[in-house]
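Asks: Residue-level listing of the chains:
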Amino acid sequence: MNSPRKLTLVEWDTRYALLARGGLREPEYGGPLSRHVLAGGDLRLRQLKFDDSAASLRLWNFLLTENERLIAARRRGEKIVGAMKDLGTVPVMAYSLPGVRAFYPDGAWWTPCLMECSDGLLGQAEALGIDASFCPVRAMLAAFQNGEHFPRPDRLLCSTGAVCDDFSAIAQRLERMGFPITWWEMPRRRAPEPGEPASTLPGGWVAPRVQIDGVREELTRLAGILGELAGCPLKEAALAQGIAEANRVRRLLAALRQTVYGPTGAPLPALEMLVAEMLAIHFCSDRDETIAVLSGLLAEAQTRRDQGQSVVAPDAVRIFWVNPVADLRAMNLMEDWGGRLCGSDFMFTHALDLIPEDVRPLEALARTALADPMIGSGRDRAARVVADCRAFGAEAVVISRIPGASHCAREGALIRQRVRAELGLPAVELEIPPICDPLLPTVSSRLQALIETARERRGQARAGGW
Amino acid sequence: MLVYLTSPWVPAEWVKAHGLEPRGVWFEPEFDLERTALSAGVCAFSESVARFAELHPQAAMVFSTHCDQLRRGYDGLESVRPERRFLFNLPATWQTPVARRLFDSELERLGRFLRGLGGREPVIGELETLLVQSWCQRSRLLSAAPALSARQFAEAAARFHWDGQIRLPGAGADEGGERPGARAVPIALVGGPLPRAQWRLLDALEGAGSRVVLNATEVGERSLGSPPQAGGDEPARLPESGPGLGQICLERMVDVFQRPNTQLYAWLGERIRARQARGIVLWAYIGCDLWRAEAQSLREAFGLPVLVLDADEVANGWTRLTGRIEAFVESLQPDAP
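Same order as they appear, the protein sequences are chains A and B.
According to my numbering, the residues represented by the first sequence are 1 to 466, in order.
According to my numbering, the residues represented by the second sequence are 1 to 337, in order.
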């Protein structure tokens, strides 16, 4: 069997022809990757390197056809919910109802990257009053206005309160532009005071009951809205079933992470892992297909691991990555310079942790929503990063800054300090704009320096026996 | 003990009812924005609040979650003992029972914090009296506003948030300058915090030929609540079964972070139209997404030109700032008869 390797888009066309001749079976959204450049304008794909497995091909095709699939769903008469900001909770409710799909318009933040800004979304957002001092998620604003990147949702449900100001401000601007939003309160998670009633959240944090009860009540309100949209109430049994299905996705992802981030080589590349983890938040608008895609990836990863195959060099430095990257190419670069992904906090660890199934469904979702790493103290998030770095054996940490994102102004330094203080690991902050090519020398040199430092530390550890 | 507040929506009356001294940070002479070194994207106000807290360990600081920068500034505090700092969770929504309950529970928690500082258990009747007194002071200040210069009003409002007192300049007083004449261009000043270190902005605005007919910055008119309803003579009651302090606070809140922020627009619209403002100056810190994102919406909502001023330029770009103000005011001047 050939060792896995990463392919350019052109190489993938050749590989696709081979696979097709060999009887490759694909879902209806399948096809060669290059068609997304030709028909969809996803020019960035020309600069990326992809895993060569059929499972990864399916992953990419699934990701890049979301708009088409949503339009098809709309044509079939299904209702479409735009969930905003909470990253992982509202979609679990939406997919528990028949004929309802949820997606995150927030995801439009990757469109300028994928289309190498040929979409003009960032410029249009600027014309709408949201300039480059805001996070690239401002692309969402223009995407709503021009209607070219996703169908207009039937309802918009946006969490507010302890969320990023830039997102909240952009969403408010959206509402003023004539897109009504249902806002729901997300308090800033805090530790319970001595003697205060509290419950443990997925992931291990503890929150006071008053906050959990408040969020549960807000979710109950949303359940009513979603039920109205679906034309049938969202009953507990259906929601419990929806949670069980969401947990199926989360278990698959946990197994995939365990397999790929394990101690031996990396069976799948970092880029595909980033995309795979993203599926957890809204199932890329198709929960059943997400399960199929992840099952395929897991099988591929396990086979490669069992056969000792890796997509990176055996001595690649194990890097824990914090925050998603606005330019997907950054994940390739990290591997090009001798790193490998060994763990991640892409801002939605609460969408990876299992939703409790031993409490009532809305209570379970309230606890899950409150486990969002972005709504609590930066110190909480840093503590989890440290714990995960330990668990996955990280040798270095990259905190990628999202240009204009309000949380990045302070949080990176806090995480970096904690990682250094508790683990002694080298850590850097890297600003990754939607197209990082102009910053390539800086990004590359910082990554190289980090990886060299980690290697030196590894050498010292071996020499010193620690 | 002094308890510094960083949001006008955390009720100073509640601190006072515990026998402690609330102090709005905006009037504090040692609150210095100009000497604060900033990392990329960090708001100068939130950073200055954090530094102030670290430099004044003997005082207590109440942060609030109404902006991301402040709440994350709180997360970064290292040298301030936990018993001296408090983060008040201000709900962004305001229409639901959940928002009211969250506010109430935060008040209770703040009460425990204040008692931990040596405060006493508040007495309902006493709190009611404090609310009535505060209401009277607010009304007095609102009534006096039209006769004051921009700086005089800002100072009076900040003083009110400092110690609850109103000190209006006497007749003929020249402190803070004269109220500009009727020929000056009426403008509305809208935006975030405007602490005393930055009041020269107000002089620059009026010196350029404008008249600030509405100060809707964080501790300007917005922070004083609406005037009493006609016939209403009981502005604040806390009966056992009636609306609690939390509800009173939620009702008087008018801010950009609220979702939706329709209350802010309704409040602004009423005053901008009544006072015939010809332009809006939007005062925003670098990194303050909440206010910056409103520039276009303000233009569209009121059909007025909007000048966005970077608060950071008071310290590092005064000439540019005043030049922009002058050009803006000049462009709004009516043609000479």
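Please note that a few of the clues may not be correct.
Claimed, not checked - Where chain B lies over chain A, by a calculated footprint (3+ residues, C-beta under 8 Å):
| # | region |
| --- | --- |
| 1 | 124-130 |
| 2 | 180-186 |
| 3 | 217-228 |
| 4 | 377-384 |
| 5 | 410-420 |
To be verified - Some chain A residues judged to face chain B by a derived CB distance under 7 Å, without partners named:
| # | residue |
| --- | --- |
| 6 | T160 |
| 7 | G161 |
| 8 | C164 |
| 9 | A169 |
| 10 | D388 |
| 11 | R390 |
Please keep in mind that the hints were generated in silico from the structure rather than gathered at the bench.
Using N, Cα and C, we set each Cβ at its ideal position, and we do this for glycine too.
Asks: Taking the hints in turn, state whether each one holds.
Replies: Verification of the supplied hints:
Counting residues of the region 124-130 of chain A whose CB lies closer than 8 Å to any CB of chain B gives 3, so the stated coverage by that chain holds, three being the minimum. Restraint check on the region 180-186 of chain A versus chain B: 4 residues with Cβ-Cβ distances below 8 Å, three needed, restraint holds. As drawn, the region 217-228 of chain A meets chain B at 3 residues by the rule of a beta-carbon pair under 8 Å; at three or more, the given contact holds. Counting residues of the region 377-384 of chain A whose CB falls under 8 Å from any CB of chain B gives 3; the rule of at least 3 is met.
For a cut-off of 8 Å, the count of residues in the region 410-420 of chain A with a CB near a CB of chain B stands at 4, and the three-residue condition holds. Taking 7 Å as the C-beta contact cut-off toward chain B, the hint placing A:T160 at the interface holds, the least distance being around 4 Å. Of the supplied interface hints, the one on A:G161 holds, with its beta-carbon coming within about 5 Å of a beta-carbon of chain B, less than 7 Å. Hint on A:C164 holds. Least Cβ distance to chain B is approximately 6 Å, under the 7 Å limit.
The beta carbon of A:A169 comes within 3 Å of a beta carbon in chain B, closer than 7 Å, and the hint placing it at the interface holds. Annotation: A:D388 was flagged as interfacial toward chain B, and the flag is violated, the nearest CB pair being 19 Å apart, outside 7 Å. With 7 Å as the threshold, the beta carbon of A:R390 stays out of range of chain B, its nearest partner Cβ sitting at about 22 Å, so the hint is violated.
Consistency with the previously given hints fails for numbers 10, 11, ordered from lowest to highest.
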